[in-house]
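Chains as they are written, first to last, in my numbering: chain A, 833 to 1382; chain B, 863 to 1075.
Worth double-checking, as some hints may not be accurate.
Each computed PhoX-like pair below joins lysine-lysine, with the alpha-carbon atoms no more than 25 Å apart [claimed, not checked]:
| id | chain 1 | residue 1 | chain 2 | residue 2 |
| --- | --- | --- | --- | --- |
| 1 | B | K1036 | B | K951 |
| 2 | B | K1036 | A | K950 |
| 3 | A | K1352 | A | K1330 |
| 4 | B | K976 | B | K1001 |
| 5 | A | K1330 | A | K950 |
| 6 | B | K951 | A | K1021 |
Listed below are several chain A residues computed to face chain B (Cβ distance under 7 Å; list not exhaustive) [as the list claims (entries may be wrong)]:
| id | residue |
| --- | --- |
| 7 | A947 |
| 8 | L1013 |
| 9 | I1017 |
| 10 | I1055 |
| 11 | I1070 |
| 12 | R1289 |
Think of the hints as simulated: they come from the structure by calculation, not from any bench. Don't be surprised by glycine CBs; every beta carbon is placed ideally from N, CA and C.
Letter by letter, the chains look like this.
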Amino acid sequence: MNELAPATHTHTSAPAESYLDEHTVRSWLLTTDHKRIGVLYLISIVFYFLVAAVAVGIMRIELLHPHGTLLLNETYNKLFTLHGVLMVWFFLIPSIPSALGNFIIPIMIGARDVAFPKLNLLSWYLFMIGGGFVLYSIMIGGVDTGWTFYTPFSSTYSNTHVLTMVFGVFIAGFSSILTGLNFIITIHKMRAPGMRWFRMPLFLWSLYSTSIILVLATPVLAITLLLMAVERVWGIGIFDPRLGGDPILFQHLFWFYSHPAVYIMVLPSMGVVSELMAAFTRKEVFGYEWVAGASVAIAVVGFLVWGHHMFVSSQSIYAGMVFSILSFIVAVPSGIKVFNWTATLYQGSISFETPMIYALGFIGLFAIGGLTGLFLAALAVDVHVTDTYFVVAHFHYIMVGGAVMGFMGGLHYWWPKITGRLYPEAFGRLAAIVTFIGFNFTFFPQFVMGYLGMPRRYHNYAPEFQVYHVLSTAGASILGIGYLLPVIYLLWSLRYGKKAPANPWHATGLEWQTTSPPPKHNFDETPVVTGPPYDYTEDFEPKPSGVLHA
Amino acid sequence: MPDARQPLAEQFATLPQQAEASRLGMWAFLCSEVMFFGGLFLGYIIYRHAYPHAFAVASRETDVLYGTLNTAILLTSSLTMALAVFASKEGQFKEVRHFLIATILLAIAFLGVKALEYTDDFHKHLFPGPMFADAGEPKTQLFFMFYWMMTSLHALHVIIGIGLLSAMTVRSAKNHFSAEYHNPIEITGLYWHFVDIVWIFLYPLLYLINRHS
Ligand code: HEM
Ligand SMILES: [Cu+2]
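Pulled out of the complex, with its shape left as it was, chain A reads as follows (with noise of 0.2 Å):
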């Protein structure tokens, strides 16, 4: 291939030492080498996904019936709240960008390392110390607020430990800002020589996407979550309407940030979603500039729209209107996406291995959560269903349909990269085909049962919905088959997998010009750039089919 000085294939030589060598704890603790790092959030994001995905287990068991009996009406808001906190704050956001980003960017980029190392582990830190917080409250406790810690029920009514989880989430939110700080760095100043910005793969023009809004949203989430401790703590008021405050306020703060957050979660699996596109269908992607300049588009306009979700705040009807007409044109840009990744497709040679299959979920699932986003921003369609399962069912196709499926094509992508290992690819397939059937069977009734009137965070509930809520448990006894497996597999091998090649995918793209694990310093010799990212022109060699098949 033309991308590369031939000096890079440093696998053709004796095998280097790989960077997971060393085995000491300390060697972990205290490395500051990107891949490491990735692995440590790999790990820690996976362990907040298995207890979040308890806390919502029970409360799946809890809606079997219409008068659920296992469960206080405390104990289920104090449930959803910590679902939702930590699976947004401690799963989605950190998930692609700080577990596989830190592993792959500064490799995609032919750097040694990221800008700035100490701060990255720093941030692992936090975001440890964060958790730490989050599960301390839970322990001592809960919170029943709802992941959104709506004024002035958190700030002056809720009698749960809110101060503990908000600080929990303060602190990882500086976890996510100096992560987001580090990718802007890297990817602006660490380029392999030839590197040029559109010869860069869009995996890195999401994630240079999303840390834009990390480094700009988080800090709003950070002082509103800091005045609305400071309120709760003095009891004066900035939110609280009897000294004049206004709780709207911190609804306006509080989206202004987490309109752009859903973004940072769905944007990286959209950049995963291209690189698996290009490899899988052994073509450009088409519209190779506009995927990356949609990414951009998608993290600016993305911070005008935060008002879509306070249309029944009592904002004014002009307002209303504005965010409307806004948040249908920030869907423009995901449009463009979806219609260029199915260019792709078109005329390509598609293989079926287990990343491409989560991929292709990823397109459909994110196709119907963004064309419900649309009825959603529709001001009086949202009249009607705001606040019930709708909602409910619409992000989820979103945020767990479409950037949870990335994020687990990009994880087996790169999991022979990380590992060294390659999985069962047929154990592969048959997760990522659970996962979809799984999913649609947990969330379709809710668009249904949301659409009927069924509220959002009940429990108890009308006779005539029950229907839905014994569908949608059991789709999630599948989505959660569908999730283990892949832990037992992928644990599996580690030990038992076959070893992998520098590139068994053979796809283009730096990061499969080294070793599988990569050495310590990625590449023996810096690279050179002289090509396209996805150059599958000259007669690349076909995949020899089964290389996969461990």
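Could you slot chain B with the ligands onto chain A? The hints should help.
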């Protein structure tokens, strides 16, 4: 941490690359800081707009003398900081140290004045809560809520700045820098100017507005 013998951290290829990365890093961090303070400024503006009278009354309670004195101190410290950065480019590290120490002293003076002012404020019962001076008018408390939040967060930044400046002084004394490698001083300077600029906004908002009415 790079030092005199090995100023180039291993992830970088060249010193200029490293310098540019850390400079850009500081700028990005400051953008993030702007958004952080931005939330507070936004809240302030909204409530000032909603309760102009209460805010005018409340802002007359702040002590313009302390505020003005501190503005002067901080502006001077920005000057000494700029001179320190300038001297470091010339490679005159003895002067660098003098200017850095001057900056630190001014920063401490700023905090001293602030402490005096806070004490006065407490005596005047300007701290929001049950003891608040004007308990009949909750909206003046809102003003003081912002006053305490904004100034204390700013003071926190000053304290962090003192830490950074001291580290630079020590490293300069240990000969960690040279005319080629001085960029930690430069980015500390960026940070310090930011702290100064935030105060430039706080001063009129908290001390000057509506003095006349
Ligand atoms: C691209 C990824 C997207 C993600 C990750 C996402 C995520 C979310 C989440 C988490 C919520 C629920 C917040 C809550 O109340 O707890 C939500 C609600 C909403 N979303 Fe999305 N969304 C996405 C795309 C869109 C798009 C493209 C639109 C509009 C064109 C949209 C419109 C809405 C509206 C209007 C609501 C508020 C519904 C209500 O509360 O009544 N979303 N979304
Ligand atoms: Cu939104």
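Restraint satisfaction for I1017 of chain A [CB to CB of chain B, less than 7 Å]: Result: holds, 5 Å to nearest chain B Cβ.
Restraint status (C-alpha distance of K1036 of chain B to K950 of chain A at most 25 Å): Holds. K1036 of chain B to K950 of chain A sits at ~22 Å (cutoff 25 Å).
Satisfaction of the I1055 of chain A interface hint, Cβ to chain B closer than 7 Å: The hint holds - I1055 of chain A has a Cβ within 7 Å of chain B, the shortest such distance being about 4 Å.
Satisfaction of hint between K1021 of chain A and K951 of chain B, Cα-Cα up to 25 Å: Holds - the C-alpha atoms of K1021 of chain A and K951 of chain B are around 22 Å apart, at most 25 Å.
Hint check: 7 Å Cβ-Cβ cutoff, L1013 of chain A to chain B: Constraint on L1013 of chain A satisfied, holds at 5 Å.
Pair hint K1352 of chain A and K1330 of chain A, alpha-carbon separation not exceeding 25 Å: 22 Å, holds
Hint status (Cβ of A947 of chain A to nearest Cβ of chain B, threshold 7 Å): 5 Å, holds
Closest C-beta approach of R1289 of chain A to chain B relative to 7 Å, hint status: 27 Å, violated
Satisfaction of hint between K1001 of chain B and K976 of chain B, Cα-Cα up to 25 Å: 24 Å, holds
K1036 of chain B paired with K951 of chain B [C-alpha distance capped at 25 Å]: Status holds; Cα separation ~17 Å.
Proposed proximity, K950 of chain A with K1330 of chain A (alpha carbon, max 25 Å): 34 Å, violated
Interface hint outcome for I1070 of chain A [beta carbon to chain B under 7 Å]: 6 Å, holds
The structure does not agree with the numbered hints 5, 12 stated previously, though it agrees with the rest.
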